[in-house]
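Novice: Dock chain B against chain A, hints included.
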Amino acid sequence: MSSERPIQSPGNQFTPNNPLPQEAKLPNEIATFSPEVIAEMDAHIAKYPVRRSAILPLMFIVQRERGGYLDPPGVAFLADKLGVRITDIWEVATFYSMINTEPVGKYHLQVCRTLSCKILGADKITEHCTQKLGIKPGETTEDGMFSLSEVECLGSCGTAPMMQIGFDYYENLTTEKVDGLLERCRGGGMSNGVR
Amino acid sequence: MFIGALGCEPLQLARVNLENSTSLDVYRRNGGYEALRKALGMSPDDVIAEVKKSALRGRGGAGFPTGMKWGFVPKDSQKPKYVVCNADESEPGSFKDRYLMERDPHMLIEGMLIAAHALGSKTCYIYTRGEYRYLIEIMDRALVEARNANLVGEKILGTDFACEVHTHTGAGAYICGEETALLNSLEGLRGHPRMKPPFPAVAGLYSCPTVVNNVETLTAVPDIIKMGGEAYQKLGTEKSGGTKLWSVSGHVNRPGVYELPMGYDDMEKFIMEDCQGITKNRKLKAVIPGGSSVYIMPASDILGKDVKMDYEGLVAAGSMVGSGGFIVMDETVDIFESTKNLTEFYKHESCGWCTPCREGTDWLVKVFKRIAKGEGQPEDAQLLLDLCDNIEGKSFCPLGDAAAWPIQSAIKKFPEDFKRHLAPLVEAREAIAAD
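Residue numbers (this note's numbering), protein chains in the order written: chain A, 1 to 195; chain B, 1001 to 1435.
Calculated directly from the structure, the hints in this document are not laboratory data.
A hint or two may mislead.
Said to hold, decoys possible - Looking from chain B toward chain A, a few residues come up when the C-beta cut is under 7 Å (computed): (1) 1131; (2) 1172; (3) 1173.
To be verified - Calculated pairs, DSSO-like style, for lysine-lysine (alpha carbon to alpha carbon, straight line, at most 30 Å): (4) 1373/B <-> 136/A; (5) 1280/B <-> 124/A; (6) 136/A <-> 124/A; (7) 1283/B <-> 124/A; (8) 1075/B <-> 47/A.
Said to hold, decoys possible - Some chain B residues well away from chain A (every beta-carbon gap over 12 Å; in silico): (9) 1017; (10) 1025; (11) 1028; (12) 1093; (13) 1162; (14) 1266; (15) 1281; (16) 1356; (17) 1379; (18) 1406; (19) 1416; (20) 1419; (21) 1430.
All of these numbers come straight from a predicted model, not from anything done at the bench.
Where is the CB? At the ideal position from N, CA and C, for every residue including glycine.
If we strip away everything but chain A, and leave its shape as in the complex, we get (with noise of 0.2 Å):
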């Protein structure tokens, strides 16, 4: 299927004629995974007719077993298991914003800051984080249990303010529920909402 890509496509460049090169494949260590999450992302690169579109599925998956961020080991499985470049990967890795290159807190509060939120009060509960964990938008805690991030529209306007942590929505915020769910974080109690 792949020979019959498009010409303008830059994931084209490798066909059965013109192989990878094999230096691009070999870095010094390369991440591993359990049989069952290699399944999962086989289960992905089996709904398409090309394996590169399953890049972001995978770098999800990947992400989410190597500790909430894509690192070199993991970069270097998924250019192997997509036949791609490991540049390839760090192109596509870092135009997505979902996507972390470097470590993020085990509970990512992402505030939404566009317009809808931001006339309903999103600053007020961007503010009232930095003041309870003692980090501005863009860092994470010392102990690693908490990064801070202001994100653009979530598609929650109507119940906004809202802020999304991990995949997880919570609507309709107010500094008390704020409150609250920062308890539950740090009670264990909570689902980190990475899946």
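Specialist: The following block gives chain B in isolation, referenced to the frame of chain A:
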């Protein structure tokens, strides 16, 4: 939050408030998959003809006639054809697709299957923004149900029609809502838009004929087939058929997703009565009616102006339907601040592919930030407009236009809000000079 229809029988929101609305059982008991059965008894050309008659226009923002888009797919092509659902809903102010998928996933599957039958496609992808992971999980569960009930896969409903539907995740990039950027992303590349032509209908996903439609567009299709294109069109106006979902947010007492017939009369009644007016009894200042990219409307263009809510009506009133992300702002909002907020959004989301948009949005934010620091110069309003002029119509894809329009309209409609920020430095200088 309110979710429901006003001024018409609910079509796309018919089942959203039912108990267990995501289940196949509830969907089928309420007429689900009957449209697919009917469509499979029709020729693909007849299905496309009905969609053309319906005057359905793409609900993602551009408003392109759906039937015409489907008609562009070459029938004689030997390549596989793809139907891709654009569920990358990221336009600030828009959240309708989210609730359609959250509450009625089978309606989307049925719409995609009918589109696949009409276009001769055997594979469909639902490209959902990465943040909407829980919706992908809902869609995956619905797809398992549909597969087990012989509605997806081989020999669908006992016919020769075979079609697979897969979910796909984005990973946080507004630009992937642009259809060619979405296709690049789906191919595992950075979400940069592609040169058009060729249009996706001719060379889209994997260079094969592809139709990309918004969630709201595809979920309108089952009702069009059920009631016939003409009946659907008559629910709306001549050029904008059917009903439209409006995501209402901001300073209204009852935000929500409202299904209104196209041509709903009028916007003032909608805000003041249907959405129960402005919070805290404040005055209406402005509305962004179609998602952040469209022209901002001051209250004076709405109140007493009988603005009809459809494509033509909003253009006549100086704005656009866009994606229907209806953001209401009261008198406390500083339009300079709100425009700065949106400009920062576009700067963050500019994909970096073309210079006017990448550099232009960056410069816009720099100027906005300088003004916000109290260092605005009187000529900065013109500087912003000049920057917009160097982006609008000169960027590779419409993201550049979308960044320019809110600023152009805000300066035009709310000059006072800008002047207030541009004066302090001059006043300070004058004070020093007088000293």
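Novice: A separate judgement is required for each hint: does it hold in the structure or not?
Specialist: Evaluation of the provided hints:
1. 1131: 5 Å, holds
2. 1172: The hint holds - residue 1172/B has a Cβ within 7 Å of chain A, the shortest such distance being about 4 Å.
3. 1173: Since chain A brings a Cβ to about 5 Å from residue 1173/B, closer than 7 Å, the hint holds.
4. 1373/B <-> 136/A: Holds, at about 20 Å.
5. 1280/B <-> 124/A: 19 Å, holds
6. 136/A <-> 124/A: Cα-Cα ~13 Å, so holds.
7. 1283/B <-> 124/A: 23 Å, holds
8. 1075/B <-> 47/A: Roughly 25 Å between the alpha carbons, so the hint for residue 1075/B and residue 47/A holds.
9. 1017: Its Cβ never comes within 12 Å of chain A, the nearest being 15 Å, so this holds.
10. 1025: Holds, because the least Cβ-Cβ distance between residue 1025/B and chain A comes to about 26 Å, which exceeds 12 Å.
11. 1028: 26 Å, holds
12. 1093: The claim is violated: residue 1093/B sits with its nearest Cβ about 5 Å from chain A, within 12 Å.
13. 1162: Per Cβ check, residue 1162/B is outside 12 Å of chain A; nearest 16 Å; holds.
14. 1266: Its Cβ never comes within 12 Å of chain A, the nearest being 22 Å, so this holds.
15. 1281: Holds, because the least Cβ-Cβ distance between residue 1281/B and chain A comes to about 17 Å, which exceeds 12 Å.
16. 1356: 19 Å, holds
17. 1379: 27 Å, holds
18. 1406: Contrary to the label, residue 1406/B does not stay out of reach of chain A, its closest Cβ about 10 Å off (not over 12 Å).
19. 1416: Answer for residue 1416/B: holds, closest chain A Cβ roughly 18 Å.
20. 1419: 21 Å, holds
21. 1430: Label holds. Min Cβ-Cβ 32 Å, cutoff 12 Å.
In the structure shown, a violation is registered for the earlier hints numbered 12, 18, in ascending order.
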